[in-house]
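Colleague: Quick note: my numbering has the sequence shown finishing at residue 62, numbered continuously throughout.
Derived by calculation from the structure, the hints in this document are not laboratory data. It is possible that part of the hints are untrue.
[Unchecked claim] Derived lysine-lysine pairs resembling DSSO-like cross-links, with alpha carbons at most 30 Å apart:
#1 Lys32 to Lys50
#2 Lys59 to Lys33
#3 Lys31 to Lys57
#4 Lys52 to Lys33
Owing to the predicted nature of the structure, the values given are computational and were not obtained by experimental measurement.
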Amino acid sequence: MNKKKDAELAKLRRDIEEAHMNHENQLAALKKKSNDSVAELSDQIDQVQKMKAKVDKEKNAL
């Protein structure tokens with residue numbers, strides 16, 4: 001009886017550890033995706049700011 005409970009407890013611990021690892025991996029993937037998105041949006045902002053500066057410069061030259 002005790003061995004059965006010990007085995008079940010060990011299985012539950014393994015399941016919890018596996019679920020924890022899966023969640024950690026998912027979290028890492030989401031963080032990477034978020035960081036990649038932030039980097040891409042930052043690049044887009046930089047490009048828009050450069051284009052705006054160029055347009056403003058051309059407008060002032062007129």
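Colleague: All hints, please: hold or fail.
Modeller: Here's how the hints hold up against the structure:
| no. | hint | in the structure |
| --- | --- | --- |
| 1 | Lys32 to Lys50 | holds (27 Å) |
| 2 | Lys59 to Lys33 | violated (39 Å) |
| 3 | Lys31 to Lys57 | violated (39 Å) |
| 4 | Lys52 to Lys33 | holds (28 Å) |
In the structure shown, a violation is registered for the earlier hints numbered 2, 3, in ascending order.
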